[in-house]
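Residue numbers (the working numbering), protein chains in the order written: chain S, 42 to 399; chain F, 397 to 705; chain X, 161 to 421.
Hint data in this document are derived by calculation from the structure and do not stem from the laboratory.
Using N, Cα and C, we set each Cβ at its ideal position, and we do this for glycine too.
It is possible that some hints are incorrect.
What the hints assert, rightly or not - Covered stretches of chain F, going by a simulated chain S footprint (3 or more residues, C-beta under 8 Å): (1) 509 to 519; (2) 672 to 683; (3) 686 to 700.
What the hints assert, rightly or not - In silico BS3-like pairs for lysine-lysine, Cα to Cα no more than 30 Å straight-line: (4) LYS238/S with LYS313/X; (5) LYS51/S with LYS313/X; (6) LYS389/S with LYS313/X; (7) LYS391/S with LYS51/S.
What the hints assert, rightly or not - In silico contact screen, one side only, chain X against chain S (beta carbon under 7 Å); selected entries: (8) ARG249; (9) LYS258; (10) MET267; (11) GLY269; (12) ASN271; (13) LEU272; (14) ARG284; (15) MET293; (16) ARG296.
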Amino acid sequence: MFYRENGQFKTSYRADQQIFPIAQDRWAVLALVLFAFVGVPLLVDEYLYRAILIPFLILSLAALGVNILVGYCGQISLGSGGFMAVGAFAAYNTFVRIDDMPLLLALLSGGFFATLVGIFFGIPSLRVKGLYLAVATLAAQFFCDWAFLRIKWFTNNTPSGSVSVSNLQVFGQPIETPVQKYIFCLSVLVVFGLLAKNLVRGAIGREWMAIRDMDVAAAVIGIRPMYAKLSAFAVSSFIVGVAGALWGFVHLGAWEPAAFSVNRSFSLLFMVIIGGLGSIMGSFFGAAFIVVLPIFLNQTIPLLGSLLGFEVSTAFISHAEYMVFGALIVWFLIVEPHGLARLWSLGKQKLRVWPFPH
Amino acid sequence: MGFFLETLIGGLMAGMLYSLVALGFVLIFKASGVFNFAQGAMVLFAALAMARFAEWIPLWTGLDNLFLANLLAFVLAGAVMFTVAWLVEYLVLRHLVNQEGATLLMATLGITYFLDGLGQTVFGSDIYKIDIGMPKEPLMLFDAVFEGGLLVSQEDLYAAAISATLVALLTLFFQKTATGRALRAVADDHQAAQSIGIALNRIWVIVWCVAGVVALVAGMIWGSKLGVQFSLSEVALRALPVVILGGLTSVPGAILGGLIIGVGEKLSEVFLGPYVGGGIEIWFAYVLALVVLLYRPQGLFGEKIIDRV
Amino acid sequence: MSDKRIGDVILDVKNISLAFGGVKALTDISFNVREHEIRAIIGPNGAGKSSMLNCINGVYTPQMGTISFRGQTFDHMDSRQVAEMGIARTFQNLALFKGMSVLDNIMTGRNLRIKSNLFLQALRIGPAEREEMQHRAHVERIIDFLEIQAHRKTPVGQLPYGLQKRVDLGRALALEPQVLLLDEPMAGMNVEEKQDMCRFILDVNDEFGTTVVLIEHDMSVVMDISDRVVVLDYGQKIGDGTPDDVRNNEEVISAYLGTSH
Numbered sequence: 042m043f044y045r046e047n048g049q050f051k052t053s054y055r056a057d058q059q060i061f062p063i064a065q066d067r068w069a070v071l072a073l074v075l076f077a078f079v080g081v082p083l084l085v086d087e088y089l090y091r092a093i094l095i096p097f098l099i100l101s102l103a104a105l106g107v108n109i110l111v112g113y114c115g116q117i118s119l120g121s122g123g124f125m126a127v128g129a130f131a132a133y134n135t136f137v138r139i140d141d142m143p144l145l146l147a148l149l150s151g152g153f154f155a156t157l158v159g160i161f162f163g164i165p166s167l168r169v170k171g172l173y174l175a176v177a178t179l180a181a182q183f184f185c186d187w188a189f190l191r192i193k194w195f196t197n198n199t200p201s202g203s204v205s206v207s208n209l210q211v212f213g214q215p216i217e218t219p220v221q222k223y224i225f226c227l228s229v230l231v232v233f234g235l236l237a238k239n240l241v242r243g244a245i246g247r248e249w250m251a252i253r254d255m256d257v258a259a260a261v262i263g264i265r266p267m268y269a270k271l272s273a274f275a276v277s278s279f280i281v282g283v284a285g286a287l288w289g290f291v292h293l294g295a296w297e298p299a300a301f302s303v304n305r306s307f308s309l310l311f312m313v314i315i316g317g318l319g320s321i322m323g324s325f326f327g328a329a330f331i332v333v334l335p336i337f338l339n340q341t342i343p344l345l346g347s348l349l350g351f352e353v354s355t356a357f358i359s360h361a362e363y364m365v366f367g368a369l370i371v372w373f374l375i376v377e378p379h380g381l382a383r384l385w386s387l388g389k390q391k392l393r394v395w396p397f398p399h
Numbered sequence: 397m398g399f400f401l402e403t404l405i406g407g408l409m410a411g412m413l414y415s416l417v418a419l420g421f422v423l424i425f426k427a428s429g430v431f432n433f434a435q436g437a438m439v440l441f442a443a444l445a446m447a448r449f450a451e452w453i454p455l456w457t458g459l460d461n462l463f464l465a466n467l468l469a470f471v472l473a474g475a476v477m478f479t480v481a482w483l484v485e486y487l488v489l490r491h492l493v494n495q496e497g498a499t500l501l502m503a504t505l506g507i508t509y510f511l512d513g514l515g516q517t518v519f520g521s522d523i524y525k526i527d528i529g530m531p532k533e534p535l536m537l538f539d540a541v542f543e544g545g546l547l548v549s550q551e552d553l554y555a556a557a558i559s560a561t562l563v564a565l566l567t568l569f570f571q572k573t574a575t576g577r578a579l580r581a582v583a584d585d586h587q588a589a590q591s592i593g594i595a596l597n598r599i600w601v602i603v604w605c606v607a608g609v610v611a612l613v614a615g616m617i618w619g620s621k622l623g624v625q626f627s628l629s630e631v632a633l634r635a636l637p638v639v640i641l642g643g644l645t646s647v648p649g650a651i652l653g654g655l656i657i658g659v660g661e662k663l664s665e666v667f668l669g670p671y672v673g674g675g676i677e678i679w680f681a682y683v684l685a686l687v688v689l690l691y692r693p694q695g696l697f698g699e700k701i702i703d704r705v
Numbered sequence: 161m162s163d164k165r166i167g168d169v170i171l172d173v174k175n176i177s178l179a180f181g182g183v184k185a186l187t188d189i190s191f192n193v194r195e196h197e198i199r200a201i202i203g204p205n206g207a208g209k210s211s212m213l214n215c216i217n218g219v220y221t222p223q224m225g226t227i228s229f230r231g232q233t234f235d236h237m238d239s240r241q242v243a244e245m246g247i248a249r250t251f252q253n254l255a256l257f258k259g260m261s262v263l264d265n266i267m268t269g270r271n272l273r274i275k276s277n278l279f280l281q282a283l284r285i286g287p288a289e290r291e292e293m294q295h296r297a298h299v300e301r302i303i304d305f306l307e308i309q310a311h312r313k314t315p316v317g318q319l320p321y322g323l324q325k326r327v328d329l330g331r332a333l334a335l336e337p338q339v340l341l342l343d344e345p346m347a348g349m350n351v352e353e354k355q356d357m358c359r360f361i362l363d364v365n366d367e368f369g370t371t372v373v374l375i376e377h378d379m380s381v382v383m384d385i386s387d388r389v390v391v392l393d394y395g396q397k398i399g400d401g402t403p404d405d406v407r408n409n410e411e412v413i414s415a416y417l418g419t420s421h
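When you get a sec, could you build the whole thing from the sequences and use the hints?
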C-alpha cells in the first residue's frame, strides 16, 4: 500500500534506467545517506566506530570489488587478501617515500598498483576456469604474502617488518578522531559505490555478466573475453587495493603483512556469497553480516553459558565462535543460496503487495 | 650429486604425503562434484581423534599394549569419521544438490570452521603426539655408490609405503568394484545417475567415508611426523596445488602431482631459495601449478572442460 | 518471390572439412549465399548443419577450406571479426545470458558499437549517458518489432521457451547484421509461434534486406519462405538449389525417408 509505483510513469529512457527508479526507493536511500552522514555521528560512541562501523565501511568497499570479479564476471578469486596487501603497501610507500604526498593520491596509487598486480594474476583466467582458477588465484595471495615479508624494501626496511602511518589529513582536515575516520571512509564508499553501480549497469557490466553466463555466446556477439575478464580483474583489484590502503591507514594505523592473509580472502568471499553474488547491495549486507557476527557471538555465548549455568573459558568462546560461524554459514547457504540481497528483494516484493499476500 | 639425490628422494616422499591429502579432495570431487575445502579440517579432526583415543583407551580399559591401543584408536577414529561423513551428507549436502560450485565451496569452508571448532572443543587444543611406532632414526642407503651414503628418513619411507598401498587399494576399488563404478557415474552426471536408480545420498556417504579414512591415514602419518596441532588443517592449503596440477578428477593425477610438487618444492627450497631470500615454499607449489595450468587448463590428467553452444 | 531483390554472392563457403578427432563432421562442403536471399540448410539430425554455422561464426575452426565474405577470404574466422563484419547468429539451444533481463540481453548485442571507455561509463555523464540512451532506443525498436515489450525487465530464465527464442533473435538483430544465421529458430514451437517467427524472419529480410541463412526441420516452412536450399547428410552436401529442385531430388528423399530395398 505504501510501496507502490502507481502514478510513477517514466517518459524517457533516462528516467527508466536511473539507479533507483521507484520514488520511495530514492527517498529511502537519500534518508539513509543523510542519516549515515549526520545522524550516526550524533548517536554513536567511539567503540562502535572502531569495532563495527569503520571496519564495515572498508570491508564493504573490498566486498564491492570482489563482487565485481566473482559475482558479476564469474571469476572465482581467492587472492583478494593479496590485492588488499598490495594496495596497503603501495600506498604506504608512496606516502612515506614521496614528500608532501596527499593522502588521497597515495590511496589511489595503492589502487593503481593493485590493478597492475590484479591484471597480471588475472591473465591465467583467459585459459583457466572455475575451481582451477580459484586455486590459481591463491598463487597471487601467497606470492604477495611472501613478497611483503621477505622483500624489505616494501616495508621501508623496518626491523620488525611492520609499518605505520600517522598524521593523515585530507584537504587540510585531519583524519584523527573516530568520527573523522568514519566520515572519510563513508565518503570514499559512497563515491566508489556510485561509480561501481554505473559500471555494472552500463555496457561493461553487461559484458562481464555475459562472460559469466555464457562466454562462447558472448564471443559470438563480438565481446572480447580477454578484455572483459582483464577489465574485471583491473576494476576489482583497484577497488580492493584502495580498500586495503584504507584498512591499513585508517583502521589499523600500523600493520604487518599478516594482516592481509588468506583468511581475509576467505572472509571477503564469504561476504560476497552471503550478501549476494552480482549485487551491489549484497556486498554491503554481506560485509555487515561478517563484521557484526563475531562481535555478536562474543557477547552472547558467555551470556548463554551463564544462563545455562556453566562457566565458559575464553578458549571455549573462541572455539564456539568457530563452530557457530561455520554452522551459520552452512545454514544460510542452504536456506538462501542467493544471499541476503535475494531475501531483501523478496521482502520488497512482499511490501509492494502488502497488505495482500500476493 | 649425493646431496641432490637426497633432496630428490626427500621431495618424492614428501610428495607422497601431499598426494595422500590430495586424494581426499579428488575422491569427493570425482563422486559429487563438491570441492571439499574441509579436507584439511578432516585431517586434523581425524588426527586429534586418533591421538586422544590412543591416550584415553589405556585409561578406559587398562590396556597396556601400544600396538593394540593404537589399533583400537584407529578403529574408533575411523568410526568417528564415518559419523562425520554421514552427518555432513545428511545435514548439508543433501540440501545443496544442484547448487553452483562457489556455493558448495563456501559450504565446505563453513564445515571447515565448524570442524575446527568442534575438534578443539571435544578433543582439546594442545599439541598431541601420535606414536605409531615409526622409527625416527634416518637410514643411510647406497653407501657403496655414494660416499657416506644417502640420508633417507625411515619415517618418510614407511609413510610413502603406506600411502602407496592406500592409493593402490583405492584405485582398485574405483576401477574394479560395482560401487566404484557407481561413484564414477555419479561424478559424471548427478541427474543421469539418479535416473538409472543410483541412490545419490548413499553414494555420497560412501565417498565421504572413504575420504574420511584417507584423512585419518593422512592425519596419522602427518601427526606422527609433526605432532597433532591446529596448523595441521593448513595442510589442505599445501595440498591444493597438487590437486589442480594433477587435475581435479584424476587419482593418478593426484599421485603424480604430489610427487612433482614434493620434488619441486624441496629442490627449489634448497637450490633456488637462498638467491631470493628464502621461504619460497609458501608460493612455489602454487606458481608451479599455475604455470602447468597455462599449458593444460584442466591439469595434467583432468577432464577437458568442453563448452557447447 | 521476386528475383530482382536478390543480389550477388555475399558469403561463399568453399571445400570446408571439419573433423573432431576421428569423427568427420563436415566433408568438402561448398555453397554460396546471395545477398538479400533466404537460404535454408536442411538435413537429418547429425548432418553437420550447426557445425557449418559454427565454422562461419568462428566457434569451430575447419581443418580445410575457406570462407569468403564480400570478397575477403579467410581460412578461419575470428568470432569478434565475424561480428564486426556484420554476421550475427542465433543458437539451437538458446545460449542466452540467464542472469540478465531481456532488455540487457538484447543490449549486449549493441556492445560492439559502444565507444565510451571504462572511465566515462563509470561517471555516466555526457557522452556515455547519451550513447547508452541511443542504444536503448534502438533496442526498444527491436523489442517493439518482436512484440516482447511486456517482458523487457524479466530475467530471461523465467520466460517461456518461445519468448526466449525471440530474445535470441532480438540479440542477433541488435548487431544490425548483414547476414543472419538462424539455427533452428522454430524448434519446439507450436503452430502460432512458428507463424510469428516466420513473419519476423520475412520482415527482417524484407525491411532491412538482411540475408538469412536458416537451419530448419519444418519442411513446410523451408519450402514456403526460402529462396534456395542446401541439403546436408552425414557431413556431405547432397542437394543445392531451389526448394522445388531439392524436393524432387532422389538423394534427398532417400536421406530423409530411407530407400526401399
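Run the structure past the numbered hints and jot down the numbers of the failing ones, going up. Violated hints: none; all satisfied.
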